[in-house]
Amino acid sequence: MGAIEQAAGLVFQWDVLVTIFFAAVFGMFVGAIPGLTATMAIALLVPVTFFMDPIPAVGAMVTCAAMAIFAGDIPGTLLRIPGTPASAAYTDEAYAMTRKGEAEKALGANLLYSALGGLVGTAVLIFAAPHLAEVALKFSSTEYFWMAMLGLTCAAFISSGSPVKGLVSLLIGLSVATIGLNNPAGQPRFTFGHTEMMGGIDFIAAMIGLFAVSEILRNAAGGARNLPVPQVPIGNPLRGWGTMLRTYWRQQIRGNVVGVGVGALPGAGADLAAWIAYAVSRRFSKNKEKYGTGHVEGIVEATSANNAAVGSAWVPALVFGIPGDTITAIVIGVLFVKGLNPGPTLFIFNPQNIYAIFLIFILANLIMIPLGYLAIRAGRQLLRVPRRIIMPVILAFCMVGAFATNNAVFNIGIMLAFGILGFFMEDNGIPVAPCILGIVLGGMVEQHFITTMIRSDGELLAFFGRPIAAGLGVVTLLIWITPMIMWLRRRGSPTPAPQGAGPEGA
Amino acid sequence: MRLNDALLGLLLFGVAAALYLGSRDFRPIPGQQIGAGAFPTVLATGFALCGVILVISGLRSRLPAIVWTDWTREPDGIRNVVVIIALVIFYIAFSRQLGFMLTMAPIILIMLRLFDVGWLLSLTIAVIAVLGMQYLFGRFLLVPLPWGLLAPIRWW
Chain A
1284 MGAIEQAAGL
1294 VFQWDVLVTI
1304 FFAAVFGMFV
1314 GAIPGLTATM
1324 AIALLVPVTF
1334 FMDPIPAVGA
1344 MVTCAAMAIF
1354 AGDIPGTLLR
1364 IPGTPASAAY
1374 TDEAYAMTRK
1384 GEAEKALGAN
1394 LLYSALGGLV
1404 GTAVLIFAAP
1414 HLAEVALKFS
1424 STEYFWMAML
1434 GLTCAAFISS
1444 GSPVKGLVSL
1454 LIGLSVATIG
1464 LNNPAGQPRF
1474 TFGHTEMMGG
1484 IDFIAAMIGL
1494 FAVSEILRNA
1504 AGGARNLPVP
1514 QVPIGNPLRG
1524 WGTMLRTYWR
1534 QQIRGNVVGV
1544 GVGALPGAGA
1554 DLAAWIAYAV
1564 SRRFSKNKEK
1574 YGTGHVEGIV
1584 EATSANNAAV
1594 GSAWVPALVF
1604 GIPGDTITAI
1614 VIGVLFVKGL
1624 NPGPTLFIFN
1634 PQNIYAIFLI
1644 FILANLIMIP
1654 LGYLAIRAGR
1664 QLLRVPRRII
1674 MPVILAFCMV
1684 GAFATNNAVF
1694 NIGIMLAFGI
1704 LGFFMEDNGI
1714 PVAPCILGIV
1724 LGGMVEQHFI
1734 TTMIRSDGEL
1744 LAFFGRPIAA
1754 GLGVVTLLIW
1764 ITPMIMWLRR
1774 RGSPTPAPQG
1784 AGPEGA
Chain B
1293 MRLNDALLGL
1303 LLFGVAAALY
1313 LGSRDFRPIP
1323 GQQIGAGAFP
1333 TVLATGFALC
1343 GVILVISGLR
1353 SRLPAIVWTD
1363 WTREPDGIRN
1373 VVVIIALVIF
1383 YIAFSRQLGF
1393 MLTMAPIILI
1403 MLRLFDVGWL
1413 LSLTIAVIAV
1423 LGMQYLFGRF
1433 LLVPLPWGLL
1443 APIRWW
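Chains as they are written, first to last, in this note's numbering: chain A, 1284 to 1789; chain B, 1293 to 1448.
These are computed hints drawn from the structure, not numbers from a lab. The C-beta atom is built at its ideal place from N, Cα and C for all residues, glycine as well. Check before you lean on any hint, since a few could be wrong.
So, partial list: chain A residues that the calculated Cβ filter (under 8 Å) puts toward chain B [to be verified]:
| # | residue |
| --- | --- |
| 1 | V1447 |
| 2 | S1458 |
| 3 | V1692 |
| 4 | G1696 |
Derived DEER-like restraints, expressed as beta-carbon distance ranges [unchecked claim]:
| # | chain 1 | residue 1 | chain 2 | residue 2 | range |
| --- | --- | --- | --- | --- | --- |
| 5 | B | A1385 | A | L1657 | 37 to 45 Å |
| 6 | B | L1415 | A | E1572 | 50 to 58 Å |
| 7 | A | I1536 | B | T1364 | 45 to 53 Å |
| 8 | B | G1306 | A | L1300 | 48 to 56 Å |
Start from the sequences, fold in the hints, and give me the full structure.
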């Protein structure tokens, strides 16, 4: 068990702990400001982590993500504006509680079950990941190809309202990944003679553009007005924890299970987990009629799910290098930069690093309770932070961050291009998340695709030649075919199919 | 600005054609049938298929060609977006000559003014933010932010 002691030695150093603390405060702050998402918090953190050692760098991102997902509940509850997409599922419910004067109960439930959910997700990560890593060792390029395809498919088809638009977003990401020399044939592609593009599109600059700059543009387009500050008193959020724990333990466990399951799927993350958990909770509740009127039950289950998903999303990320959501997609990019290439070998050659990451997960969820308590008490002041002043400073940070990835002004151009692209995509109901997964996984998909094709002399059946590969392949193809079948069935029925925007068009 | 699905589909046809034409000349890996062109061709096919679906659904929906989304009707929505894009381009063009601080300070100042923050406050924030970032990133995190015109008075 030398590795665990080594891991503790890596984590319990003052610089690591201070980094984690500041990342937690930063995540809490960004998550609590409406319009700034958890992914944006991570994107802004990346340039800073370049200059850290691997463990504090990853620790900062883990902590920041956990805090930001929780803090997103604060503006959701007080203003009905979800701070992050992961809290959108139960925003209406929480706001209804605020109007009934129960804001502190809703926020207290969010805090408690976020921390507990995070710990459950971490436990699953700790126990499942090493075992899966052993399985992953037997994988060949075919299995990796299908794993990556499954992740991309989930991201495109399940996580977005309109499958076609999800697919378009994914194709954009995959196309971006083809730019540069980094392909099996080693040929420069789509570089237009620019030497800067030989190495490919810098993924961090692209991501800062897609997630941060596009949000700044959106805020600016809306005039970056300040929000009305709610005039509700916020009492002690710790009150009622005992009763809730006793009353809603079933909901908590079910939420954790749903969250862990959804999070562990490659390509699906905390947002989806919260929606499913809320729906499940309502379906099985004895008090269905109370849902939507400010009833804490659904909040308990959904918030248990989204934070559990944050932890378990790391399982496919660490074991296969396939991100479960946008946050892990970014972290995978950083892991590569730090030389901690995700994959089963990480568990064999550097187990102390893995254990250190696990330890940080536990720390992050423990530190969440005191920090979250303070954030709830200061909730109204946090909402009063003027967005008009924050936005320009964030844009400046984005530009410096994009520049810092490889000290080239060219990357600021990339950031801007992707910022405009992201803004345009959102306006047209095209989700952004599949695009970023496409950029991260594009190289991997192509490499395993070409390798398998070459090994089999162009025989497509080789993709189903091994049992695990065949299983993964069939599941992936089923997900592809389902929307078509549903479309055909809709055509067959006499009632006209609903047209126009999907649910994401809000 | 929300394009009708049919227009969006046409746009995707364009992307598909560009991808296909751009990858036609890639040579295969020596001794193999496939190479650098295979994957982009698959992607081009995907774009074209999505294009077909979107054109069909767009034509059936009978929505206008372009729906002007909420922000375009905001009093300053379009102005704000255009100015911010221009400011980033300004930084790309001039940061090397003028230096980080002399380019970024006006950018922050103009953006704050765009959002109707008062002159004095805007000026204060711009100066403090720029000095702080030059110190944090330039000195502490060792990002080589250009000094430009201020190089003669560089204080570290």
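Given the range 45 to 53 Å, decide if the beta-carbon distance of A:I1536 to B:T1364 lies inside it.
-> With Cβ atoms ~47 Å apart, the hint holds.
Can you tell me whether the CB distance of B:A1385 to A:L1657 sits inside 37 to 45 Å?
Holds, at about 44 Å.
| Range hint 48 to 56 Å: satisfied by the CB atoms of B:G1306 and A:L1300? | holds, 53 Å
- Message: Min Cβ distance, A:V1447 to chain B: is it shorter than 8 Å?
- Response: holds, 5 Å
Checklist entry - Between B:L1415 and A:E1572, does the C-beta distance stay in 50 to 58 Å? => result At roughly 57 Å between Cβ atoms, A:E1572 and B:L1415 fall inside 50 to 58 Å, so the hint holds.
Is the interface hint satisfied for A:G1696? The criterion is a beta-carbon contact with chain B at less than 8 Å.
holds, 6 Å
Restraint: A:S1458 near chain B, CB-CB cut 8 Å. Satisfied or not? holds, 5 Å
Subject >> Given hint A:V1692 near chain B, where the shortest CB pair must fall under 8 Å >> reply: Holds, because the Cβ-Cβ distance from A:V1692 to chain B comes to roughly 5 Å (cut-off 8 Å).
Hint compliance for this structure: no hint is broken.
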